[in-house]
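Undergrad: So the chains spell out like this:
Protein chains: 2
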Amino acid sequence: MLGARVTTQRFAQTSRSTPLKALLPALPGHAHCGDYTSGGGSLHSAFRKASPALALGLHAWTRATRLRGVRRFATAEGNSGGMKAVTVSKYGDATQVMEITDVEKPAPAAGQVLVKNMAIATNPIDYKAAAGVLAPGAEAPDKRLIVGWDCAGVVEKAGEGVTDFQAGDNVWFAGDITKDGCFAEYTAIDARLISKKPESMSFEDAAALPLTFQTAWEGLVEQMNVQKGKTIFVLNGAGGLGSIVIQLAKHLGLTVIASASREETVSWCKKMGADHIINHRNELKSQLAEVGYPTVDYLFNAHENDRLGELIQLLSVDGKIAITFNASREHLETVDFQTMWMKRQSLVHTFMFGRAMFDANPEMVGGVMASCAKLVDSGIIKSTATTKFKSLTEIKEAIKVQMSGKAMGKIVLTV
Amino acid sequence: MLGARVTTQRFAQTSRSTPLKALLPALPGHAHCGDYTSGGGSLHSAFRKASPALALGLHAWTRATRLRGVRRFATAEGNSGGMKAVTVSKYGDATQVMEITDVEKPAPAAGQVLVKNMAIATNPIDYKAAAGVLAPGAEAPDKRLIVGWDCAGVVEKAGEGVTDFQAGDNVWFAGDITKDGCFAEYTAIDARLISKKPESMSFEDAAALPLTFQTAWEGLVEQMNVQKGKTIFVLNGAGGLGSIVIQLAKHLGLTVIASASREETVSWCKKMGADHIINHRNELKSQLAEVGYPTVDYLFNAHENDRLGELIQLLSVDGKIAITFNASREHLETVDFQTMWMKRQSLVHTFMFGRAMFDANPEMVGGVMASCAKLVDSGIIKSTATTKFKSLTEIKEAIKVQMSGKAMGKIVLTV
Numbered sequence: 001m002l003g004a005r006v007t008t009q010r011f012a013q014t015s016r017s018t019p020l021k022a023l024l025p026a027l028p029g030h031a032h033c034g035d036y037t038s039g040g041g042s043l044h045s046a047f048r049k050a051s052p053a054l055a056l057g058l059h060a061w062t063r064a065t066r067l068r069g070v071r072r073f074a075t076a077e078g079n080s081g082g083m084k085a086v087t088v089s090k091y092g093d094a095t096q097v098m099e100i101t102d103v104e105k106p107a108p109a110a111g112q113v114l115v116k117n118m119a120i121a122t123n124p125i126d127y128k129a130a131a132g133v134l135a136p137g138a139e140a141p142d143k144r145l146i147v148g149w150d151c152a153g154v155v156e157k158a159g160e161g162v163t164d165f166q167a168g169d170n171v172w173f174a175g176d177i178t179k180d181g182c183f184a185e186y187t188a189i190d191a192r193l194i195s196k197k198p199e200s201m202s203f204e205d206a207a208a209l210p211l212t213f214q215t216a217w218e219g220l221v222e223q224m225n226v227q228k229g230k231t232i233f234v235l236n237g238a239g240g241l242g243s244i245v246i247q248l249a250k251h252l253g254l255t256v257i258a259s260a261s262r263e264e265t266v267s268w269c270k271k272m273g274a275d276h277i278i279n280h281r282n283e284l285k286s287q288l289a290e291v292g293y294p295t296v297d298y299l300f301n302a303h304e305n306d307r308l309g310e311l312i313q314l315l316s317v318d319g320k321i322a323i324t325f326n327a328s329r330e331h332l333e334t335v336d337f338q339t340m341w342m343k344r345q346s347l348v349h350t351f352m353f354g355r356a357m358f359d360a361n362p363e364m365v366g367g368v369m370a371s372c373a374k375l376v377d378s379g380i381i382k383s384t385a386t387t388k389f390k391s392l393t394e395i396k397e398a399i400k401v402q403m404s405g406k407a408m409g410k411i412v413l414t415v
Numbered sequence: 001m002l003g004a005r006v007t008t009q010r011f012a013q014t015s016r017s018t019p020l021k022a023l024l025p026a027l028p029g030h031a032h033c034g035d036y037t038s039g040g041g042s043l044h045s046a047f048r049k050a051s052p053a054l055a056l057g058l059h060a061w062t063r064a065t066r067l068r069g070v071r072r073f074a075t076a077e078g079n080s081g082g083m084k085a086v087t088v089s090k091y092g093d094a095t096q097v098m099e100i101t102d103v104e105k106p107a108p109a110a111g112q113v114l115v116k117n118m119a120i121a122t123n124p125i126d127y128k129a130a131a132g133v134l135a136p137g138a139e140a141p142d143k144r145l146i147v148g149w150d151c152a153g154v155v156e157k158a159g160e161g162v163t164d165f166q167a168g169d170n171v172w173f174a175g176d177i178t179k180d181g182c183f184a185e186y187t188a189i190d191a192r193l194i195s196k197k198p199e200s201m202s203f204e205d206a207a208a209l210p211l212t213f214q215t216a217w218e219g220l221v222e223q224m225n226v227q228k229g230k231t232i233f234v235l236n237g238a239g240g241l242g243s244i245v246i247q248l249a250k251h252l253g254l255t256v257i258a259s260a261s262r263e264e265t266v267s268w269c270k271k272m273g274a275d276h277i278i279n280h281r282n283e284l285k286s287q288l289a290e291v292g293y294p295t296v297d298y299l300f301n302a303h304e305n306d307r308l309g310e311l312i313q314l315l316s317v318d319g320k321i322a323i324t325f326n327a328s329r330e331h332l333e334t335v336d337f338q339t340m341w342m343k344r345q346s347l348v349h350t351f352m353f354g355r356a357m358f359d360a361n362p363e364m365v366g367g368v369m370a371s372c373a374k375l376v377d378s379g380i381i382k383s384t385a386t387t388k389f390k391s392l393t394e395i396k397e398a399i400k401v402q403m404s405g406k407a408m409g410k411i412v413l414t415v
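For the protein sequence lines, the chains are X and D, in the order given. Numbering of the first sequence is given in my numbering, commencing with residue 1 and proceeding in unit increments. Numbering of the second sequence is given in my numbering, commencing with residue 1 and proceeding in unit increments.
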C-alpha cells in the first residue's frame, strides 16, 4: 500500500524539451502486448507508424468533446487535502517522464463518486498518453496529467445526485480518457461508468479486467453480435485484451483459435480457453487450415493493424473483423475491399472510451462492468492478471514490462 | 407476350471490335438509378470510375468460382427445342449489343427447376454485364450471354432431386450472376434460390422485387441487424433499391429519412413510407439536422460510393453504413477512418449474389424470397414497379430508361 508519507519518487528529469514527433518513433512498445513482439523484428515498426495517426485521431476527439462540452465534471480539487499520483508534466518516454508527485485530492462533483483506489492495472494507453498522443503537437500537458485507466477501489464519497453507490462500496472501472486517470490514491469518476466489483475477486485481480473486458464485450457482443457455434480467430491471444477475448468468446459459444508464439503464451492461451493455437510469427492462413478452419466467421484483432489485409483474407463469406486501433491509410492499402464486398464482409471498430467521450449512452459502460462482475462471481471469467507489483511506487518497472512487448495477460499494482 | 414466332430483332450491328476499356467510360448510367443523376453533372463520373474496379472484382470471383467448381449445374441445352432470349455476343453499350435471338431451351439439371418466365425486371447489372464487366478484358463472351436477374414465372419441370417445387408452381427469383440470366422465355435455375411468388401479386409486379429485396434484407437484417426505434438514412430513396429499403426499414420499426430531388420522386419516397425527405443535390448534414436528426444510426447507400466520406460523417456513435457496391481506393480516401474508429462505427457490404457465388448457404436466398412473399401477401411490402413494357421485344427501350439515371422504382417487362 502506498502510505501518505511514501517519499515522492522522480524517475527522470523532466526538463528536456523533446518535440513530440521525435519522441513517438522512439517508443518501443506495442499495444495489448502479449508475446507478439518478443524477439523484435519487422512487426516492431508497426506501432511507430500507427502512432501519428492515432495522435491525430485523439486530437480530433479532444477538440470535438471540448466543443460539445462533454467535460462537464470539472472535478473540484483542493478541498480535501493531498494525495500521491503518477503524473506526467512533460511528454516523453513513460519510464522517464512518469513521476510520483503530491497533487490535490479530488472531490466528487455532481454525478461522480470519489473512489479510494486499491489496485490499478497498466495498458498501452498509459505510455501513449505519457508520450503525448492525447495532445499531439504539445510538449507538455496544460496541467499535470494523471495517467492510468484500470482500477478497483472503495467508494469514499458519493457526489450530489448519485443514488446507486455509497461510501464503502467496492467498485471497479476503466474510466474516462478525457479526464484524470487512476494511477493515484483517489479518483473522482462519473458514477455511470462504474459498477460494484466482483465479490469473489481481490482488488488486484479485479483491476486487471475493466478496460479489456469492455473492449472484448463491445467487439463480440455490441459490434459483431457473434452467434453461438461460429468460429473466431484472436490475433495475439496472450495479451491483456486477447486473454479476455478468448474467455468471453468461449462463454458465448464460439470455437476459438488464438495466436501465440512462445511456450508459456501458448499454455496461457489454452488456460484462457482457446481451442486451437497457431503461431503469429508464421503465415496464418495455412495454419488455420491445418487446425481445420480454412476461414473463420469472426476475427478479433487484439493488436495493431499492420496485418489487416492478411487478416481479412481469413474471413468467411459474411465474416466480420473487429479492430481495436485506428486503421491507417497504410493499413487500409493492404485490404482487398473488392473481395470484402463480394464476400459480404464487415469491418467494425471498438473503442470503449467512445461512450463517455461522445456521451453515447455512458450508463451502458457501468452496465457492462456489472455484467462482467456477475460473470466473474459465476466462475465464468477469470482474472487475466499475471504480473503483480506491491506498490504504486513500482510503476516504472510495471510500465517497462508493459512496453517490452513481452507482457502476458495483465500487469497489476497494489496502490 | 413473346410468342414463339416473334421476329428476331437485332438492335445493333455486333461486328464492331471495341475494346472493353474504351466502352466502359462511355456508359451513361448509374446503378439503382432513381433520380439521382437527372440533370447530369459531376456525380455522373462516379460510375465510370468505379466500373474498372468492379470489373476486376467480378473477374476475381469468376476465377474463384471456376476453381472451386461452383458451376456444377451445367445446364443441358438442345434437348427441349428452342426459345427467344435477350443475348449479348459482343460486349458494348447495352442499347446496341443486346439482341433477341433464338437459343436452345435449357433443361433442368439435378437440383434445378425449369421456369417459364412470365415477367422480368431490369437492373444496372444488365447493362454492366452487356458491357463486359463480368469478363474484364474480353471483347465478347465465350458463348452468347443471356442477361437479366429479376424474374417471376411458372415452373415447367423440376429437375432430379427437387422435391419442394413442381410443374405449375408460380415462383420468383433473382438468380445466379455466374449463370445465364432470365431475359428469355425459360430459365433453368438452382431450386435453392427461388420461392413461391406472392399469391396476391401479378407476375409483373412481383418481378420487380427479388434482387432489390434480397439486397435490402441483407443490408438491414443480416448485416446491420437494425433495431426497432432507430433511425436510417437511405441515399437515393426513389431508385429500385431505395424504394424497397424504405419499405422494409419502416416495417422493421425504423424512422426513415430518404433522399430524392424531383417532385415526383419526393412523392414516390413518401408513398414508399419515408418519414422525411431531403435533397441529395445539396449538402446532406445540415438537411438531416433540419428534419431533426443531426446523425443517424444506420445508413443505406443505394447508390455508388462517390460520397462515402460525406455519408459516414452522418452516422451516430455505434452507427453502421451498408454499401451496395465495391468501395474503390478513391472512395475510401474520402473516409475519416480515425473518427470511424473512435465513434465505433461499422462498414458493411451487401452483395446478394455472394451466397450462390461462394456456395455460402444459398438456400437462405430462397428463404428470403419466401419471407418477402409473405410480407407481400400480408400487405406490408408493395411492388416497386413503375414502368411496364408489354413485351420482351421492348428490352431496348426498357434498358434506355434504366441507363438514363431517371428511373423511379423498377422497370418491368412482360415476357
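A few of these clues could be false.
Here are a few chain X residues that sit away from chain D, every Cβ distance over 12 Å (derived from the structure) [claimed, not checked]: (1) Gln-96; (2) Ser-267; (3) Ala-289; (4) Lys-406.
Each computed DSS-like pair below joins lysine-lysine, with the alpha-carbon atoms no more than 27 Å apart [said to hold, decoys possible]: (5) X:Lys-228 x D:Lys-228; (6) X:Lys-228 x X:Lys-382; (7) X:Lys-230 x D:Lys-228; (8) X:Lys-228 x D:Lys-230; (9) D:Lys-271 x D:Lys-116; (10) D:Lys-230 x D:Lys-250; (11) D:Lys-230 x D:Lys-382; (12) X:Lys-390 x X:Lys-196; (13) X:Lys-230 x X:Lys-271.
For the record, the hints were derived by calculation from the structure and aren't laboratory data. Note that beta-carbon positions come from the ideal geometry of N, C-alpha and C, so glycine has one too.
Undergrad: Would you say Ala-289 (chain X) is clear of chain D, with no C-beta pair closer than or equal to 12 Å?
TA: holds, 15 Å
Undergrad: Regarding the pair Lys-271 (chain D) and Lys-116 (chain D), is the alpha-carbon distance no greater than 27 Å?
TA: Status violated; Cα separation ~32 Å.
Undergrad: Given the hinted pair Lys-230 (chain X) and Lys-228 (chain D), is their Cα-Cα distance within 27 Å?
TA: holds, 26 Å
Undergrad: Given the hinted pair Lys-230 (chain D) and Lys-382 (chain D), is their Cα-Cα distance within 27 Å?
TA: holds, 23 Å
Undergrad: Is Lys-230 (chain D) within 27 Å of Lys-250 (chain D), Cα to Cα?
TA: holds, 10 Å
Undergrad: Is the Cα-Cα distance between Lys-228 (chain X) and Lys-230 (chain D) 27 Å or less?
TA: Answer holds: Lys-228 (chain X) to Lys-230 (chain D) is near 26 Å, not above 27 Å.
Undergrad: Should the label of Ser-267 (chain X) as a non-interface residue stand, given a Cβ cut-off of 12 Å to chain D?
TA: At roughly 33 Å from the nearest Cβ of chain D, Ser-267 (chain X) sits farther out than 12 Å, so the non-interface label holds.
Undergrad: Report holds if the minimum CB distance from Lys-406 (chain X) to chain D is greater than 12 Å, and violated otherwise.
TA: holds, 26 Å
Undergrad: Beyond 12 Å from every chain D Cβ: check whether that's true for Gln-96 (chain X).
TA: holds, 28 Å
Undergrad: Between the alpha carbons of Lys-228 (chain X) and Lys-382 (chain X), is the straight-line distance 27 Å or under?
TA: Holds: Lys-228 (chain X) and Lys-382 (chain X) sit about 21 Å apart, inside 27 Å.
Undergrad: Taking 27 Å as the top limit, are the C-alpha atoms of Lys-228 (chain X) and Lys-228 (chain D) close enough?
TA: With a Cα-Cα distance of about 23 Å, the restraint between Lys-228 (chain X) and Lys-228 (chain D) holds, given a limit of 27 Å.
Undergrad: Straight-line Cα separation of Lys-230 (chain X) and Lys-271 (chain X) no greater than 27 Å?
TA: The given pair, whose Cα atoms are some 21 Å apart, holds under the 27 Å limit.
Comparing the model with each earlier hint shows a violation of hint 9 alone; every other hint is respected.
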